Structure formats: C-alpha cells, structure tokens
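Participant: Next come the chains, spelled out residue by residue.
Protein chains: 2
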Amino acid sequence: MSQTIPIKTNNKLNLQPLNMPNRLLLGPGPSNVHPAILAAMNTPPVGHLDPTFLNLMDEVRSQLQYVWQTDNQMTIAVSGTGTAAMEATIANSVEPGDIVLIGVMGYFGNRLVDMAGRYGADVRTITKPWGQVFSLDDLKTAIETHRPRILALVHAETSTGARQPMEGVGELCQKYGILLLIDTVTSLGGVPIFLDEWGVDLAYSCSQKGLACPPGASPLTMSARAMEKLQNRSSKVANWYLDVNLLGKYWGSERVYHHTAPINMYYALRESLRLITEEGIENCWQRHQKNVEYLWESLEGLGLTMHVEKEYRLPTLTTVCIPPGIDGKAIARRLLDEYNVEIGGGLGELAGKVWRVGLMGYNSRPESVDNLVEVLRQVLPK
Amino acid sequence: MSQTIPIKTNNKLNLQPLNMPNRLLLGPGPSNVHPAILAAMNTPPVGHLDPTFLNLMDEVRSQLQYVWQTDNQMTIAVSGTGTAAMEATIANSVEPGDIVLIGVMGYFGNRLVDMAGRYGADVRTITKPWGQVFSLDDLKTAIETHRPRILALVHAETSTGARQPMEGVGELCQKYGILLLIDTVTSLGGVPIFLDEWGVDLAYSCSQKGLACPPGASPLTMSARAMEKLQNRSSKVANWYLDVNLLGKYWGSERVYHHTAPINMYYALRESLRLITEEGIENCWQRHQKNVEYLWESLEGLGLTMHVEKEYRLPTLTTVCIPPGIDGKAIARRLLDEYNVEIGGGLGELAGKVWRVGLMGYNSRPESVDNLVEVLRQVLPK
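Line by line, the protein sequences give chains P and G.
For what it's worth, this note's numbering labels the leading residue of the first sequence as 18, then goes sequentially.
For what it's worth, this note's numbering labels the leading residue of the second sequence as 18, then goes sequentially.
Hints listed in this document are in silico derivations from the structure and should not be mistaken for laboratory results.
A couple of the hints might just be wrong.
It does not matter which identical chain is meant; a pair holds if it fits inside one copy or across any two.
No more than 20 Å apart at the CA atoms, straight line, and that leaves these computed lysine to any residue pairs for SDA-like [unchecked claim]:
id : residue 1 : residue 2
1  : K327      : P113
2  : K253      : E112
3  : K25       : F211
4  : K157      : L321
5  : K145      : N127
6  : K253      : G137
7  : K327      : D75
8  : K346      : L321
9  : K346      : P68
10 : K307      : R351
11 : K253      : S79
12 : K29       : E76
13 : K29       : F211
14 : K327      : L41
15 : K192      : K246
16 : K253      : D139
17 : K253      : P113
18 : K253      : D115
Predicted, not measured: the structure shown is a model, and the values here were computed from it.
Model the full assembly from the supplied sequences, consistent with the hints where possible.
Facilitator: Structure below.
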C-alpha cells in the first residue's frame, strides 16, 4: 500500500463510550422499546440472503398482515423509518399527471402533498382545521369535484391527535374507481385498523410507536388493485430504493438481492409483532384505549383540557392544550432536563398551543400516566 | 371503542422468541458486528430531537469527516442502508437532462445507471470487463466525448473486488467543470480514502462493512461544489426522504424535524467510528491490507486463484475463482449449513465464476482467515 498523502486529524474526536440518558418517551415517538425487543435486536446479524433471514421476512409479513388485518400479499417492511414507507406508497402508486386528492388536517397531510408533487402528481387538497376530521360527505363532495385516481388520508394525524373515521370511505372509493391510501403511522398496533374491511389499497406505518421497536424498519402494504396499477405503469417507479417491483422480488419467492436489509431492525420488528400476536391485537387496542382514558381523566384532574373532541381522539397520541400564560416549550424542557420525561410540542397550526403526549406500545401503561402526572404536578404553576 | 368487525386470525402465527444462528460473515457484507457496537446499539433510545441525540449527530459528522478524510460540512448519515445513501447522491445532484457519465465495471455501476435514469439523467456509460478498472486515459477520453455534468465511479466494486485508482481523476473533473461522485460502500474504513485530496464531490457508504455495524444508517457527504449545484436547482429534489435541503436543516443548526432517525443505528455508528478513531484510520487501513494479504496467500496455499490483478485488489473484498468442475453455490451452501460460515457468490458477469470473500471491519483478523481456510480445506475436493 503506497500512501503519500498525510492524514488529516482536524476532525478527529477523542470520545468516550456511548452514555445516553434513560428517558421516559411520552412524545409523538419514538416510544420506549419493550425490553424483549431490545434484547432481540441485540442478536448478532446474519446475512440478508441467509435462509434463516428469508424465513424471518415471511414471519414479519404474516404478522403484519394480522396486525393490519389484511390479506395483502404485498405486505413488507421498508428499510427506513416511517417517512420512507410513506414515500414508498406515493412513489409506487403515483404516475406523473395522476390526480391525487389529499385530506389535509395536520402536518402529515401536508407532507403527503409535498411528496406527491415530487412524483409528478396533480395534487388537489381538502382541508380541515388541525384537530378536526373529514366527514363522509366532505370526502364525497371532494371526490366528485376532483375525480382523483388516488385519495390519501391520514388515519392517525400525529400532529393533532385526531383519528379519521374510515367507515364508508372504501365503498366511496370503489364506487369512483379510486385507490385509497392511508397513513397508519400512529395507529398500527394501538388503534383498531381493518385494512381489508375498510377497502384500503395502500398503507404505511413505522416501528417506533404502537409496535414498541426502535425506528428503522417500516411496514408497507399494497392491495391487488394497487399492485395492478403499479404493474401497468408506463414509466419506471421514480425511486430505486423503494421500488416495489424490485422489493417484491426480494420479499417474494425469487429472493433476488435488492438492497441489504437492516437485519437487526427486522429482528426487533419480528419480536414486536410476536408480542402483539401473543397479547392479541384486539386486547392491544383495548389496552391503549383504557390507558388513554386514564390519561385524559388524570390530566383533567390537573385542570388541563384536550384539543380534540373526545370521539375523534387517538388512543395513542393526545394533544393537550397549553393553558394560557404558560410557556409550553419551557415546561417540556424542564420535564426532559429535570425528570427525564419527554413530551412533544405542537407543529404548524398547533405550535405553542398544545403538548403532544404519546402512550404507545410498551408505554401504554398506567405507570406512564402516573409518572407524567406526577412530574406535571411539580412543574405546572399552582 | 365500538368494534363490530370480527378479527381475522388466518395470518396469526404462533412464534417462539427469536433464535438466529451465529454465523461468521465472510461474504460481501453484512460483516460481523464488533461486540462493543452491538452493546451500544442495545442502549434504550432517546428522542430524535433530544439534545443528547443532536449532540451525537455532531459527533457522527466529525468522525465521518475524519474517516473519509474530508472537511465537507454536509457530511451526514442517511436513515437507510447503503443503497439509500447511493440514491441520495444521485437524487441531490442530478437534474433532469443532466449528462451523467458512469463507469461500469460491475454490478454497482449498473445500479447507478438505473438510478440516474430514474432521476431524469441523460446517462452515458463507459465499461470494463468485471474485475478490471479504468485508466486515467479511459476517463479523459470518455469525458471529452460526453462532456458530462457528473462523473460517477465505483471506488470499491463489491461485485468484483476491484479498486478503482482515484489519483488524477479529481483534477480531470475540475478541469472540465464536472462533479465527481464515488461509491465507497466497500472501502470506507478499510481502504485508503482521501476525499478532499482526491477532489471528490459526492460520496456514499454503508455501515455494515468496514465500519462493523449492523446495516441501517449510511454515510453521505457532499462538497461545497455539490451543494452549490443543489442550491441552484430549478426543480425540487425528486425524493422527499433523501432531500439534502431538508436533511441539512435537521443536521444543521436549525434542527428542524424532518424524519425520525433510526436512533439505535446511530448509536452503533457513533461507537463504530469511535473505535476506528481510537485505532487510527491509517492503522485500520493497514490492518485490512495485512489480513487480506494473509488471506490471498492462504487461499493460494489451497490451490485457489484470485480474479483481480493484485495491484487493483480490494483489501476488504476478494473475488476467488471457483476451480473448474466445482459447484460454487453448493460449496457456499455447505459452508453456511455445516460450518456457519457465510461467503458470497458471484453477481452478473461473475455469477458461477467466483466466490466473494469479505474481510471487513471487525472481521479483518487472522482468525477469520484461519477459520475460512480450515473449513474450505474440508469441503473442497482433494
């Protein structure tokens, strides 16, 4: 090895081994990881084409189908965080010029607008004030006005804590020949979802909320109708990493190498789904509902109010109104610095107006609520 | 919670806790993870906007700058595996219609061709038989013929084990006003790289090879010249997840939320880079060189020959010619099934002709060589 170039050391750091604080993560995600999941993730990796790993991919698929309540064959995990899975649904369903109708009732609806535009969609939007949801009539009117190829809705708006009711939306889309795409980032594992019953064609989620994993591998599913649109494209999917034609050959029987999967994240995901299956998905949903009701009650006991109407509140994420005269950011910072408790602030229209409190996956427990209420009692002005 | 839809259990599995085999990973990656890195990854996550995590991001940047030998401010990790970082370089540098000249001397050159095409590039290629490399004259002639905006080369071709010499390429690109983009997936941490001295404008890598991490967070760097082209774009980057304009606001002083980073993968990456820094990057390169020479010698002792001319062989990945009459796939499968040793097969032009043997990161040790040679001795016909 000939090497005549001198080594630059100006960026060389002298670091100590990793030493991170132990936080109670009650923000919009990531949430705390179930200890069994953390242990599974800590298993030394095998190769991405190892027969044992290919078998694990099949297990992940089946369990995701169960947790999402779908029989979609194209049910996989994308090798990135939730936003990558979001982009995968858009990249694979949108062809340039397609009219895409997006329901914007918060930050993540706007993200879909930006993304769909980048893939050449003719984007149309309907909007609601942040914290509200669309009625079936709202959607019907918008569909009749815009005649889209795709309707995209956020089932669980992480920025507002609102749950978009899905009853009847699928029938409406089928009637007009529209693909239905939904964001289940903050609902999978914590909020009842029935993808097939609801007639959903594309959905995505993440690992670090209801599934209690670290972030890094993100569920994606496409119905036969969505796959048909993909197969009939006249142009290549404008994204190589997320192209479901290629991903499908790795996840399917061909097992063609596409990219190196984040092996340990899949270990975590498999263990997470195993735990949910063991608990039973319906019990998991009920646990989230029960604990969030305890949260609301406890916060009301402190004199706080919730931003979203009770009927539409998510069991996984609650937006809590910051009382007048209170510096919400300073309170959140004190919780973190003094008590190792993370809660989230508001985004967009709700910036400075709400805190976002997550009770997701492993953290959906009465102890989380008690811990938060105790520290809030200490930092809120009497 | 009203719930009248019956729960489908047809996809519900009854799984046991995770139980994966313990492999010696001597293929093209992933490689075995250093135990200290696995331990760091096992730390409970904090939030992606936690001040301690933002500080960790800064540490990752500095250490990547050191390991890559660059002062590029835009040095980050992408929240996906190596292919995502590859796509990030293309997505952020290519505008529709740009002439992009790609050196294809193996599988990953072809991947760049496919990707660049998806982002609207006018792709031109120069090719070499798999296992060979381009001379400076080859490159000069091609540049004068095609007059590209970007020249993309694979520094370490993972499919062939060949190292593309970089001396003089940067000067050539500067002379013609071309951005130089290189693939360092199989070189970062194991093969001498001097990004700034070489005049490289865009580079990407992965975590699961020379850095001895699991896959999942992937280094990306862009020079001031590359950033200038990005800032002068007339269209948005056609990829939301990988848009460096947005990523830069999360990694930069603004700390604007973009996506949820795969926290634990960054823990692993930080620990990996800390270990390399502790060893000293030049010592790390020398270790890889020394151990691969021991590998070549040992394999030659078994009567095997290498596919690539010695001068251009990578210290991280060796292509070994499969002797005539031997079923290479069957041998690799026996190594895996009977001895828990993974080696890779050939891709594309080299399918069935070579095995790919990686000695990367933590696995670049004499014990790895001894172990492989011992098991090869047992499975190869006498």
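Participant: Could you work out which earlier hints the structure fails to respect and list their numbers in ascending sequence?
Facilitator: 1, 4, 7, 10, 11, 14
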